[in-house]
Amino acid sequence: MIPHINGVIELITMIKSMACSDNSATTSSHCIAEVFADLLLPGHAIAARYMEQFLRSALSISPRALGRLAYTGAGVFCACTWVWEHLVTIQSSEGPSMYPTFNPRGDWLLIARRHANGKGIQVGDVVRFNHPNMLGAHAAKRVLGLPGDFVCRDPPYSTGAGTQPDMIQVPEGHVFLVGDNLPWSRDSRNFGPVPLGLINGKIVARVWPPSKMEWVRNTMQPVESD
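Heads up: the sequence shown is residues 1 to 226, going by full-length UniProt numbering.
If you're looking for bench data, these hints aren't it; they were derived computationally from the structure. Glycine included, each C-beta is placed from N, C-alpha and C at the ideal position. A portion of the hints provided could be inaccurate.
Said to hold, decoys possible - Cβ pair distances, simulated, as ranges:
1. ALA79 / GLY136: 17 to 27 Å
2. ALA65 / ALA205: 37 to 47 Å
3. MET213 / TRP184: 23 to 33 Å
4. GLY120 / ALA79: 20 to 30 Å
5. GLY124 / MET167: 31 to 41 Å
Modelling step: build the complete structure from the supplied sequences, incorporating the hints.
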């Protein structure tokens, strides 16, 4: 079990005192490795040995080299965060609402962040959005209607018998989203059109499992009038 952040701070303080009180990097790194092994992987002697080797080299780094390493690490972290927030991100599939396009569990999906706020999306695209009724939750649905479009809003969980669908116009600044597995989807039929501002990306590919890696295609085509 990973220790709480307070435990990590205490461990760092202990590491500093051990490294300062003992002139032997080998002894210090060995003791510290045992502490990490006890906290993270109890009984794993192999983990302790590799941790000892890592710490032995880390304790021998000069302050200047350590500063360069920290500076480089901070730069890499900032770059990765920028890519994650503005270019691409990954999310696992959750629930049966998009089956058979995505499996209820186990699929990892690549999301293009440049489509945040609905930029460049079309009818038939699959988007990731912040759920309007569940704080902090994300969902994936297919775009059925763009602002100004008229869509047929079937009652949710309808089998078509004894029900009367409604024809509605999607308001400006909103989209109408539905799941591919309609009987098992809670979507715009339940909570209405979704504001474009809640869309945080377009799902462009399935990247896991390897046997099912593929681009997510828009299979909906506009109807051509005679």
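Taking the hints in turn, this is what the structure says about them:
1. ALA79 / GLY136: 17 to 27 Å: holds (26 Å)
2. ALA65 / ALA205: 37 to 47 Å: holds (40 Å)
3. MET213 / TRP184: 23 to 33 Å: holds (25 Å)
4. GLY120 / ALA79: 20 to 30 Å: Since GLY120 and ALA79 have Cβ atoms about 24 Å apart, the given range 20 to 30 Å holds.
5. GLY124 / MET167: 31 to 41 Å: Hint violated: Cβ distance 19 Å, outside 31 to 41 Å.
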